[in-house]
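Going by full-length UniProt numbering, the residue at position 301 of the sequence shown is 301; the numbering climbs one at a time, nothing skipped.
Do not take every clue at face value.
Derived pair list, reagent style BS3-like, types lysine-lysine, alpha-carbon separation capped at 27 Å [unchecked claim]:
id, residue 1, residue 2
1, 18, 58
2, 121, 64
3, 165, 194
4, 61, 121
5, 64, 18
Simulated restraints, written as ranges between beta carbons of each label pair [stated by the list, open to error]:
id, residue 1, residue 2, range
6, 209, 17, 21 to 31 Å
7, 143, 573, 27 to 37 Å
8, 107, 145, 22 to 32 Å
9, 344, 105, 38 to 48 Å
10, 143, 38, 49 to 59 Å
11, 387, 476, 19 to 29 Å
12, 107, 385, 20 to 30 Å
13, 589, 140, 55 to 65 Å
14, 376, 145, 46 to 56 Å
15, 9, 45, 31 to 41 Å
16, 45, 102, 33 to 43 Å
17, 22, 211, 46 to 56 Å
18, 69, 476, 54 to 64 Å
Hints are computed from structural coordinates only; laboratory data are not their basis.
Cβ coordinates follow ideal geometry from the N, Cα and C atoms, glycine included.
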Amino acid sequence: MSSQAVYANSWNRPQPRKGPDVPYQNDAGSNPVLRGYALAVVSRVIASSTWIQSVLWKLNKFDKLKDTADLDQYEIRLDPTVAPISSTSEIPVLLTDLPTPRPRASSRNYYTCADFHELYKSGKATPSDVIEQLLPLIRRDTEPAGPYSVAFIDSKVDIIRASAKASTERYRAGRPLSLLDGVPLTVKDEVHLKGYKRTLGTKLDFSDPGDRTAWCVEKWQEAGAVIIGKTNMHEAGLDTTNNNPNWGTPLNPHNNSYYTGGSSGGSAFAVASGICPIALGVDGGGSIRLPSAFCGIYGLKPTHGRISSRVDHEWTDSVVVNGPMASSIDDLALSYRIMAQPDPLARRSSRFPDPRVTEASLSKLPKGKKYLGIDRTWIQRSDKVVLDMFNAAVEHYVGVHGYEVVDITIPLLPQGQKAHALTILSETRSQYSTDKIKQLTWHNQLLLNVAGSHATTQDFIFSQKLRNLLMCHLAWLWDEHPGLLVLTPTTPCAGWRISKSSDITSGYGVSDGDMSLKSMEYVYLANFVGAPAISCPMGYTDASVPVGLMAMGEWGSEEQLIAFGKEGESLLASGGGVRRPAGHRMWVDVLTELNTVK
């Protein structure tokens, strides 16, 4: 369904303009894999020599962005926010009236919010009972630490118990606040949460001096959710494995020989292992969608600016957004609609319509053609197992759900990935002093000393011109085919295998720049242009490694993406639906265990 049918116009939408016809050519070059003591030595040497840093910068061709043809015809675009302006005047529905998630269909599936809600309403168990079942599993401050604690940086027991107790009392009084009331949720360490430090997965402290909670997390708390802790992440959010020498590395619950993906890997682990049905992630270059794909769950990267993370001011980052991760599409939708309530004090968020009325708005509109836009050359870069699943998924959406495939081209995609990397690393570098960089892991010191420190003003300006070119071209595509979803695998690879056990035990970490770039090849675009994108489970390899399918929609089309995800449930129906990890070693059946204990 066309987002244009829902919104009459948009604030800050780029001028639709077809980009140049440039043959796809990806000559990213090759970078050596560095690990262990060699990584530390190389990082030290590079940090001590601006000349070597400059050479590496040029070898990776960051300096060539300014030579890209046609960029002189575009203005710079620093802010990718595009806010659809609602043509309705509906009053937001109450939290208790939001669409109800469905309970799990079978014992092979994950629990949903509905399962928790019905259990609490029945009186068979309380939120406090669930929390007491979870705390021994996730706490780091016990001896021994909980078996799932590697996914958590901290869990404040007194705060958690108080929140669960308040929810228990509301259920006993027959007045739950919403379907989220009493449901355990987690928050990525990157996001401000009262009573907790904010470390960004480092050994440093980036806490809010006022000890406040981000707006979007407050919305979950106002709905009664019990936040059970802050989750592990790739240090500083600067890679896609969640290999973290500081806090430990969570292993993929589906196959322990693979990474969870990152940088929201702790959140993905918590959901995929059954600890909670919903988690908050942060996505600056695929950091919600990538771990969601690797761990076989759903992840939504919203339109830039839509979700407010404000405590006392807005972030100035031009690629990073907060968003939900969930084991069911219904829970993803519910958590999104609650956290995306417009923040009246945030310049960007306040411009968006309230998502709590969008469901009603969509139901009144006639259905039109549904388009899947596929750039064939780009897609062909996927591994065969991923490409085979993708082709089967496209065939399913066309044959079962009536989509029409449109062959599209998006110009300068490899150059766009470089421009995105230059942008996010430059913006990240601005948040770290030289002294703080020296306290990061070797891999991140390497990244920030090379790519984060050598972008000239000219390099940055031309990157933002390329951002504008891509946004204008996409606006043109969406005008040509209203409601078109740009479809790709979430990543070209079927997971990321842990090459050596020492990579996660040595304390040095690992730097594999080529694999990092490959894993981000499809996800980066939505961050750079500010568009929303969803990752949905698409299938599983013979090694039980999940693979994700990603759709990117026009600015403000989150509800369309959620509808796409619901349709995609039928893709896995013959195999029993979204699959939880096999066996019990990496899967905790919280509610069944609770009933056994009681």
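TODO: Tell me, in ascending order, the numbers of any earlier hints that this structure violates.
DONE: 1, 2, 4, 6, 7, 10, 13, 15, 16, 18
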